[in-house]
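> Make the full structure from the sequences, and use the hints.
Here the sequence shown stands for residues -29 to -1, 1 to 209, where the numbers follow mature numbering (1 follows the signal peptide of the UniProt record, and there is no 0).
It should be emphasised that the hints constitute simulated quantities derived from the structure, not laboratory data. Be a bit skeptical, because a hint or two may be false.
For lysine to aspartate or glutamate, the following EDC-like pairs were computed, each having C-alpha atoms within a straight-line distance of at most 20 Å [as the list claims (entries may be wrong)]:
(1) Lys174 / Glu23
(2) Lys174 / Asp7
(3) Lys174 / Asp19
No experiment lies behind these values; they were computed from the predicted model shown.
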Amino acid sequence: MKKLKVKGMSIKGIITATALCLASSNALAAMITVEDSFGVMGSSTAMDVGQESAILSIAGFNSSLGTLTGVSLTAYGQINATGTSQNNTSENGNTVATLGTIGSWGVISAVTHDFVFTRGSSFLDAAESSDSGDYDMAPGEIFSFDMGSERSGDMSIIDYSAFTTDGMIDFRFDFRAETVIRNFIGSGRETFTNTSNTGAWGKIVATYTYDAAPVPEPGALILLTAGLLGLGLRRKQG
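Take a look at the structure:
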């Protein structure tokens, strides 16, 4: 039988070269998400709109994971209001509560185009003590309301290089808003006790797609090493 001969490369060199080939063939597409948020979703008190804005920060892509191939950003926002209105008059009345923004509600970042949930001062939600608009809120009655508006959308990136480092990337959420309560009675002067809380919540989510750093399969390399060592011994004995 004719012996197999390997010329021009040591056994160590063969193992190294073949291991690199196996490693490169194991590169896989992968995805990871990072996020940051403020306030509490659905809460009117965790982040008062009197703060007017909040800064969120997310980490850029960790290059040790592999080669970055894509970035997508999604912004989420919510404004909520809760409160009560008590009729202190001696006759039936009606209460209307409205929730709206003061100026634009959106997200600003140096690495994206400005993102707008609502542009300019905008109506968001309303609640009324009577669905029919009648004056049927009895003397002493307390009307409770819970209003809110949730928005989301994908942001347009203008500086992808900012995501290729491990540094932090900032996003400013602007959320000036107000709750207005109006009270009515059939005649005379209305006397109501009104309370309200208006709060905001927001979140930024970055999704990184990448080619994962290749990792050799241990089992395959063990078999490969054993086979090549055997080949070397046979070659030496031959």
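> Are the hints correct? Go through all of them and say.
Going through the hints against the structure:
{"no.": "1", "hint": "Lys174 / Glu23", "in the structure": "15 Å, holds"}
{"no.": "2", "hint": "Lys174 / Asp7", "in the structure": "6 Å, holds"}
{"no.": "3", "hint": "Lys174 / Asp19", "in the structure": "16 Å, holds"}
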